[in-house]
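S.K.: Going down the list, the protein sequences come from chains A and B.
Position 115 of the first sequence, counted from 1, bears residue number 115 in our numbering, the numbering being contiguous throughout.
One rule links them: number in our numbering = place in the second sequence (from 1) + 242.
Simulated from the structure, these hints should not be mistaken for lab results.
Each hint should be verified, as a subset may be incorrect.
To be verified - Straight line, CA to CA, 35 Å or less: simulated DSBU-like cross-link-like pairs of lysine-lysine:
#  : chain 1 : residue 1 : chain 2 : residue 2
1  : B       : K363      : B       : K455
2  : B       : K706      : A       : K142
3  : A       : K142      : B       : K285
4  : A       : K170      : B       : K275
5  : B       : K564      : A       : K142
6  : B       : K363      : B       : K285
7  : A       : K142      : B       : K363
8  : B       : K363      : B       : K407
9  : B       : K578      : A       : K146
10 : B       : K455      : B       : K378
11 : A       : K142      : B       : K735
12 : B       : K754      : B       : K623
13 : A       : K142      : B       : K407
14 : A       : K142      : B       : K508
15 : A       : K142      : B       : K683
16 : B       : K479      : A       : K146
17 : A       : K146      : B       : K778
18 : A       : K142      : B       : K679
19 : A       : K209      : A       : K170
20 : A       : K142      : B       : K732
21 : B       : K455      : A       : K142
22 : A       : K142      : B       : K754
23 : B       : K623      : A       : K142
24 : B       : K706      : B       : K363
25 : B       : K683      : B       : K706
26 : B       : K667      : A       : K146
27 : B       : K275      : B       : K623
28 : B       : K508      : B       : K479
29 : A       : K142      : B       : K578
30 : B       : K778      : B       : K363
31 : A       : K142      : B       : K479
32 : B       : K406      : A       : K142
33 : A       : K142      : B       : K667
34 : B       : K285      : A       : K146
35 : A       : K142      : B       : K703
36 : A       : K146      : B       : K732
37 : B       : K683      : A       : K146
38 : B       : K275      : B       : K407
39 : B       : K679      : B       : K363
40 : A       : K146      : B       : K363
Below are the chains, spelled out letter by letter.
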Amino acid sequence: MVLSVSSFFAKRMELHLSLAISSSSSSASSCSSRFDPNYNINYTHEHSNKRKHDDYDDDDNDQTMPLLVWGNFCCNKSHLIIEEHQDHDGDDEVQSNYVFVHRRNEYDGGAIGWPPMKSCTENLCQLTMGNGDGVIGWPPVKLCRKKHCQLKMGTEDGGGGGRSKSTYYKVHMEGIEIARKVDLNLHQSYQTLVPTLANMFGKCFEDVKLTYQDQEGDWLLAGDVPWGTFINTVQRLKLQRK
Amino acid sequence: MVDRVDSAGEWTQSSRFPDEVLERVLALIDSHKDRSSVSLVCKDWYNAERWSRRHVFIGNCYSVSPEIVAARFPRIRSVTLKGKPRFSDFNLVPEDWGADVQPWLSAFSTAYPFLEELRLKRMAVSDESLEFLATKFHGFKALSLLSCDGFSTDGLKAIATHCKKLTELDIQENGIDDLGGHWLSCFPESLTSLEILNFASLNSEVSFDALEKLVARCKSLRVLKVNRNISLDQLQKLLSHCPQLTELGTGTFMQELISGPVAEFKNMFSNCRNLITLSGLWDATPFYLPVIYPACASLTFLNLSYATLRSDELANLLSHCKTLRRLWLLDTVGDKGLEAVGSCCPLLEELRVFPADPFDQEILLGVTESGFVSVSRGCPKLRYVLYFCRQMTNAAVATIARNCPDFTHFRLCIMNPGQPDYLTKEPMDEAFGAIVKTCTKLQRLAISGLLTDRTFEYIGKYAKNLETLSVAFAGSSDLGMEYVLQGCQKLRKLEIRDCPFGNAALLSGLTKYESMRSLWMSACNVTMNACRVLAKERPRLNVEVMRDEEGGDDSQAHKVYVYRTVAGPRRDAPPFVLTL
Numbered sequence: 001m002v003l004s005v006s007s008f009f010a011k012r013m014e015l016h017l018s019l020a021i022s023s024s025s026s027s028a029s030s031c032s033s034r035f036d037p038n039y040n041i042n043y044t045h046e047h048s049n050k051r052k053h054d055d056y057d058d059d060d061n062d063q064t065m066p067l068l069v070w071g072n073f074c075c076n077k078s079h080l081i082i083e084e085h086q087d088h089d090g091d092d093e094v095q096s097n098y099v100f101v102h103r104r105n106e107y108d109g110g111a112i113g114w115p116p117m118k119s120c121t122e123n124l125c126q127l128t129m130g131n132g133d134g135v136i137g138w139p140p141v142k143l144c145r146k147k148h149c150q151l152k153m154g155t156e157d158g159g160g161g162g163r164s165k166s167t168y169y170k171v172h173m174e175g176i177e178i179a180r181k182v183d184l185n186l187h188q189s190y191q192t193l194v195p196t197l198a199n200m201f202g203k204c205f206e207d208v209k210l211t212y213q214d215q216e217g218d219w220l221l222a223g224d225v226p227w228g229t230f231i232n233t234v235q236r237l238k239l240q241r242k
Numbered sequence: 243m244v245d246r247v248d249s250a251g252e253w254t255q256s257s258r259f260p261d262e263v264l265e266r267v268l269a270l271i272d273s274h275k276d277r278s279s280v281s282l283v284c285k286d287w288y289n290a291e292r293w294s295r296r297h298v299f300i301g302n303c304y305s306v307s308p309e310i311v312a313a314r315f316p317r318i319r320s321v322t323l324k325g326k327p328r329f330s331d332f333n334l335v336p337e338d339w340g341a342d343v344q345p346w347l348s349a350f351s352t353a354y355p356f357l358e359e360l361r362l363k364r365m366a367v368s369d370e371s372l373e374f375l376a377t378k379f380h381g382f383k384a385l386s387l388l389s390c391d392g393f394s395t396d397g398l399k400a401i402a403t404h405c406k407k408l409t410e411l412d413i414q415e416n417g418i419d420d421l422g423g424h425w426l427s428c429f430p431e432s433l434t435s436l437e438i439l440n441f442a443s444l445n446s447e448v449s450f451d452a453l454e455k456l457v458a459r460c461k462s463l464r465v466l467k468v469n470r471n472i473s474l475d476q477l478q479k480l481l482s483h484c485p486q487l488t489e490l491g492t493g494t495f496m497q498e499l500i501s502g503p504v505a506e507f508k509n510m511f512s513n514c515r516n517l518i519t520l521s522g523l524w525d526a527t528p529f530y531l532p533v534i535y536p537a538c539a540s541l542t543f544l545n546l547s548y549a550t551l552r553s554d555e556l557a558n559l560l561s562h563c564k565t566l567r568r569l570w571l572l573d574t575v576g577d578k579g580l581e582a583v584g585s586c587c588p589l590l591e592e593l594r595v596f597p598a599d600p601f602d603q604e605i606l607l608g609v610t611e612s613g614f615v616s617v618s619r620g621c622p623k624l625r626y627v628l629y630f631c632r633q634m635t636n637a638a639v640a641t642i643a644r645n646c647p648d649f650t651h652f653r654l655c656i657m658n659p660g661q662p663d664y665l666t667k668e669p670m671d672e673a674f675g676a677i678v679k680t681c682t683k684l685q686r687l688a689i690s691g692l693l694t695d696r697t698f699e700y701i702g703k704y705a706k707n708l709e710t711l712s713v714a715f716a717g718s719s720d721l722g723m724e725y726v727l728q729g730c731q732k733l734r735k736l737e738i739r740d741c742p743f744g745n746a747a748l749l750s751g752l753t754k755y756e757s758m759r760s761l762w763m764s765a766c767n768v769t770m771n772a773c774r775v776l777a778k779e780r781p782r783l784n785v786e787v788m789r790d791e792e793g794g795d796d797s798q799a800h801k802v803y804v805y806r807t808v809a810g811p812r813r814d815a816p817p818f819v820l821t822l
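Generate coordinates for the entire structure from the input sequences, incorporating the hints supplied.
M.R.: Next comes the structure, spelled out in structure tokens:
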């Protein structure tokens, strides 16, 4: 049984921490054939830098929160759980709460509205669709504009950059001699990049952490800065065991 | 007027013009809708119309076959053909789906050897097809390819080489293989007829020498849109050869090494007195942007959607552009930039605001409801809006509707699916309710945000002129889709993705789909069986289901495309498209 997308959205207001989604909800509906694991439902930016809302603190219980949906956590998740993961970046005004919903195999029952996923190592390549977006084809921005965005984000190749051009960066994995290369043009977020890299070395993305070297030569943990900043400064990548 | 006796013995006055006169008169009618009406009057008028028609518009290439078109219209000179469903722009349609132009070209080569113009949108076009076009149609003049794919610059070489009378080459937003810019050098020295040249979306470098000579010898050139590789220097040289241009797309608007003083560039546009459209402006910075000020006073369309301008830069620019009617922007200009739009451009009719970083959810910039409201206050003549934002409120949209009741196209994209009014937390139903209630001329609507069936109830009840509706991540039940199908009499195109509409909704439109061009439903709750029922009940519809590539439930219809046709089921459907 799977939840319809709409009832799922209706439940969003009730999503609190550590709430196990019942597997026996609503109508049987598989609402998307192509929902990507990195489908990010980001309901509100009420904590935006530009605005301070008076109800910032009052709203704790009813906060809508960004929902990061990970596709099959391969490993030992046997049921559906939602964990809250608080992320404070030094700035008091901006606080993001990330809620991870673990999808699981339909045949065990209980996946929320998403199609069946097999183990993460198998399906990950398939799940990183096309340009490695979140949901396929959303927001509805045409390819020519998407490419322009990518070119702007620091992967500029001097006015050229047709479809056949790409920007490959070296990736090392701790303990493995042979390095790989990844085309960063195909990705718009860490959510697709990390699993892709882990997959290259036959690892599950849960077992690795991604670091990168910036233009100043320093090694940093990926994920601290927005993707756009990362793309502009990254020189090479390294995966380390957790 | 000729009096005559009809079969019942009554005297009647019938306006029985000789056919030639009727044809002459009908030849003056351009609108294809009017021509359709004309052809329905009587058999004489049907015949006169078909002989006098020079241009045919085919909105769905599978709704009719090339043979049927050729049989009905013997004297066509210009064809417009549209292929894939619109959602193919966003990767929802697999490659090799179809819409190949070749069968059309093959039929036309015998039926219309004197074909002059071909305008294609979302068609699959191969290099071989382009070569075929260039070599088989000797008087061919105008080629326009919008959002097409399957060809490379080799195909363009063929066009440049063989089309001796070419007046128009317009290549936009295509997925093509850019094998280099040599195609442009293939225009022979003898070609002087070019009026429109647009290669802005191609990425490779062209020979500037060849381009300059081409521009210099084509005295009728009025539209020139170059690609990003053309520098400011080079642009200046080009403009010196064609001051008569009405539409210009610049190359890059930034230069690392300044080869001449900026003052020299300042005169670049002074001689372009006929310029009404300006686009390109890649990498434009405050340093060089003032170069275009002399041209701004007469501009009616300014496309800044590839220039990452900030609000102050935009404000300075717009203070020179009082006569703008169409404006395209990137959301880097922010709400402040939009305030400037509102105060500088009272004649504005169309505004499109594109997202600079659509996929980076961590970016909290861009435009909000406040910018949109500012524009609506200053620009009451707005009729076309495309607006990408990350937050919106019902109240703001209601205000916008009040300020701009003349909307004909309202496309609002709140980029996070299912996002409610960020202040009240309510669904965005009332926003779109306000739009459809107030804007009675609305023809096209794209909705987003958290939406219940109420939105669709409003649409069905009030949007009586609606022709195109795009829906994503919206609705609560089958009722939503049913409201729309029942209420919107003029609906022609309905495209739906990721909504909880199921079989009952699909089948509620059983009697309606033949009056529409097409229906697209993907990632909804429709089953194969319901599609089979629809196909069986309506043999004049093609009901196509695209199989999900990843397997999954075979009883679910993952992507459904329904369209009316007189050509029967497709004969070129790939294996993953099932026609029921």
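S.K.: Broken hints, numbered, in rising order?
M.R.: Violated hints: 3, 4, 17, 34; rest satisfied.
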